[in-house]
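Chemist: Spelled out from the first residue to the last, the chains are:
2 protein chains.
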Amino acid sequence: MMPELNILMTTSSTLSDWMKQSQAHIEAALTDFLPSPQQTPTHLHEAMRYAVLDGGKRVRPLLVYAAGQLFDADYAELTRAACALEMIHAYSLVHDDMPCMDDDALRRGKPTVHVKFGEATALLVGDALQAQAFLILAQGKTAPARQLEMLRILAHSSGSLGMCGGQAIDLASVGCNLSRDQLEQMHQLKTGALLRASVLLGALCGQELNEIDQAALHRYSHSIGLAFQVVDDILDATSDSASLGKTAGKDAANNKPTYVSILGLAASQTLAENLRIEAHNALHSFTATMQNSRTQRLSQLADFIVQRSA
Amino acid sequence: MMPELNILMTTSSTLSDWMKQSQAHIEAALTDFLPSPQQTPTHLHEAMRYAVLDGGKRVRPLLVYAAGQLFDADYAELTRAACALEMIHAYSLVHDDMPCMDDDALRRGKPTVHVKFGEATALLVGDALQAQAFLILAQGKTAPARQLEMLRILAHSSGSLGMCGGQAIDLASVGCNLSRDQLEQMHQLKTGALLRASVLLGALCGQELNEIDQAALHRYSHSIGLAFQVVDDILDATSDSASLGKTAGKDAANNKPTYVSILGLAASQTLAENLRIEAHNALHSFTATMQNSRTQRLSQLADFIVQRSA
Numbered sequence: 001m002m003p004e005l006n007i008l009m010t011t012s013s014t015l016s017d018w019m020k021q022s023q024a025h026i027e028a029a030l031t032d033f034l035p036s037p038q039q040t041p042t043h044l045h046e047a048m049r050y051a052v053l054d055g056g057k058r059v060r061p062l063l064v065y066a067a068g069q070l071f072d073a074d075y076a077e078l079t080r081a082a083c084a085l086e087m088i089h090a091y092s093l094v095h096d097d098m099p100c101m102d103d104d105a106l107r108r109g110k111p112t113v114h115v116k117f118g119e120a121t122a123l124l125v126g127d128a129l130q131a132q133a134f135l136i137l138a139q140g141k142t143a144p145a146r147q148l149e150m151l152r153i154l155a156h157s158s159g160s161l162g163m164c165g166g167q168a169i170d171l172a173s174v175g176c177n178l179s180r181d182q183l184e185q186m187h188q189l190k191t192g193a194l195l196r197a198s199v200l201l202g203a204l205c206g207q208e209l210n211e212i213d214q215a216a217l218h219r220y221s222h223s224i225g226l227a228f229q230v231v232d233d234i235l236d237a238t239s240d241s242a243s244l245g246k247t248a249g250k251d252a253a254n255n256k257p258t259y260v261s262i263l264g265l266a267a268s269q270t271l272a273e274n275l276r277i278e279a280h281n282a283l284h285s286f287t288a289t290m291q292n293s294r295t296q297r298l299s300q301l302a303d304f305i306v307q308r309s310a
Numbered sequence: 001m002m003p004e005l006n007i008l009m010t011t012s013s014t015l016s017d018w019m020k021q022s023q024a025h026i027e028a029a030l031t032d033f034l035p036s037p038q039q040t041p042t043h044l045h046e047a048m049r050y051a052v053l054d055g056g057k058r059v060r061p062l063l064v065y066a067a068g069q070l071f072d073a074d075y076a077e078l079t080r081a082a083c084a085l086e087m088i089h090a091y092s093l094v095h096d097d098m099p100c101m102d103d104d105a106l107r108r109g110k111p112t113v114h115v116k117f118g119e120a121t122a123l124l125v126g127d128a129l130q131a132q133a134f135l136i137l138a139q140g141k142t143a144p145a146r147q148l149e150m151l152r153i154l155a156h157s158s159g160s161l162g163m164c165g166g167q168a169i170d171l172a173s174v175g176c177n178l179s180r181d182q183l184e185q186m187h188q189l190k191t192g193a194l195l196r197a198s199v200l201l202g203a204l205c206g207q208e209l210n211e212i213d214q215a216a217l218h219r220y221s222h223s224i225g226l227a228f229q230v231v232d233d234i235l236d237a238t239s240d241s242a243s244l245g246k247t248a249g250k251d252a253a254n255n256k257p258t259y260v261s262i263l264g265l266a267a268s269q270t271l272a273e274n275l276r277i278e279a280h281n282a283l284h285s286f287t288a289t290m291q292n293s294r295t296q297r298l299s300q301l302a303d304f305i306v307q308r309s310a
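Chains as they are written, first to last, in full-length UniProt numbering: chain A, 1 to 310; chain B, 1 to 310.
Heads up, a few of these hints could be off.
Each pair may be met inside one copy or between any two copies, as identical chains are not told apart.
[To be verified] Cut-off 25 Å, straight-line C-alpha distance, at most; resulting in silico cross-link-like pairs (SDA-like, lysine to any residue): (1) 141 to 263; (2) 256 to 268; (3) 116 to 174; (4) 57 to 209; (5) 20 to 56; (6) 110 to 74; (7) 256 to 46; (8) 116 to 175; (9) 116 to 304; (10) 250 to 33; (11) 116 to 173; (12) 141 to 210; (13) 141 to 42; (14) 110 to 270; (15) 116 to 101; (16) 57 to 188; (17) 141 to 72; (18) 110 to 265.
It should be emphasised that the hints constitute simulated quantities derived from the structure, not laboratory data.
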């Protein structure tokens, strides 16, 4: 059952309630947008569902909904874009966890896809999820020219000049002394690109963006994208695997450069807080001309991304 | 340098000349559509270019051009669709060759991507090529609603109900006794889906398709898609690696069911010939209302696919 839309777009619920309801809605939509496990090849479809369903904070979908609230976007189209982004994110996790990459056995508190289904299936799960993401976004009902723009943003942010490119730099950086600028560049591609795409796609479900809006959204998403990674590095260094739902301490174990290894823990915490403030400042561009309530969820998500504990 | 367009769309050149000129044009376009090797991450971009450029018969691009000729399609848009399809095909080869799949060291006469660049990079090369394929197709200049239809066809034919799904069935079939129907279903997904997509995308670059045209194109591409695989199986069983540019005899070595193993060599050759005739028959639907010259290249490609020696 889908929750009522008026609950989801309301501004009166707490962030925690809004997140829970949005996450439940995304879970239901992902269940629908993934091929049925009864359909041939059943083993692949079962594995695709295992990789995507029942897990994660759904940060990218939440950003899509929050940005959609700014421009009064259609809820069904936001959900579609959110699912496409989440499938891209899920495929990247499946491939990252494989033995030839991070070789990780635990993800979202469960055995990783290659551990449960085998490496060959994990490879195909990732490939098929990427295609599925583009398929569902290409089925969207937004004006065709704008729908194409959304597809270009998704493709660009997930390809060699976005997420995959960041992974490649990450691979090459193991055991290297990166400068802070190089570390930032890597993360802006590896995680930041898809987080920025989430904000943009959410906004584009509502309307064409003028240059001022685009610049403000870029500034917001640049800040939260980087903050997300700084906090990930802090949590990796300070939490245990049970709290994280994935292997903790693996950056240090893998000799990977992180914000904590380059700046130290205290300076990383200060950086995350400054990025949170910067994200709020970027939203002032909208509150000058709109009701504050329109930016409410983006504002709260900036806080959540920095203050989360997992 | 791009060859002159009037040479490429002419009907007076031999198939061999037309193929050479089309292949040269595709090579130049792929070179332009791939990220520059000077751009960061350079190692990934170099590996993507290695995977795509300077190799292969470019059967999918040739089918795009041939189908485009039917409907007088724009040459630049055909080239774009052809490059997107070839990038999807190239990514699938990179991932197929990896140790967790077919574990192959030779492709198109060169070391495979994971042998030359390492497994992690090969994984990312495939992922990034898939995104690049959708990016360039989403940049197309065909009417936006039709461009979206082309993107849906590409995504569907390469995902879990197309190419990836066929791979998954292939994986599960090793050492199994497949029926002829099961073998056909596997190949219609694994290779057939993308070949059918090539014909459809080429036609859609020209115009919206009515149901009669769609049915005829489906019948043609169904036949050549299956013929392609039957001939692949025949060549795998009868050729050496040097002629093929890839490891010969690997189906038998891997205990994979093939047309040759199920039907025998002679019956497989008869089947391929019957499919060639069936493809020609499908084209009669067009020659009833159009000049014969419009179907010339599709007709010749059906012959080429069955009569090729590599």
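Chemist: Does each hint hold? Answer for all of them.
Modeler: To see whether the hints hold, each was checked on the structure:
no.	hint	verdict
1	141 to 263	neither (46 Å within a copy, 47 Å between copies)
2	256 to 268	within (16 Å within a copy, 54 Å between copies)
3	116 to 174	between (27 Å within a copy, 19 Å between copies)
4	57 to 209	neither (28 Å within a copy, 43 Å between copies)
5	20 to 56	within (12 Å within a copy, 50 Å between copies)
6	110 to 74	neither (34 Å within a copy, 50 Å between copies)
7	256 to 46	between (33 Å within a copy, 24 Å between copies)
8	116 to 175	between (30 Å within a copy, 22 Å between copies)
9	116 to 304	neither (32 Å within a copy, 43 Å between copies)
10	250 to 33	neither (33 Å within a copy, 37 Å between copies)
11	116 to 173	between (29 Å within a copy, 19 Å between copies)
12	141 to 210	both (21 Å within a copy, 22 Å between copies)
13	141 to 42	neither (29 Å within a copy, 37 Å between copies)
14	110 to 270	neither (33 Å within a copy, 51 Å between copies)
15	116 to 101	both (17 Å within a copy, 16 Å between copies)
16	57 to 188	within (20 Å within a copy, 38 Å between copies)
17	141 to 72	within (15 Å within a copy, 29 Å between copies)
18	110 to 265	neither (29 Å within a copy, 48 Å between copies)
The structure fails hints 1, 4, 6, 9, 10, 13, 14 and 18 (numbered hints given earlier, in ascending order).
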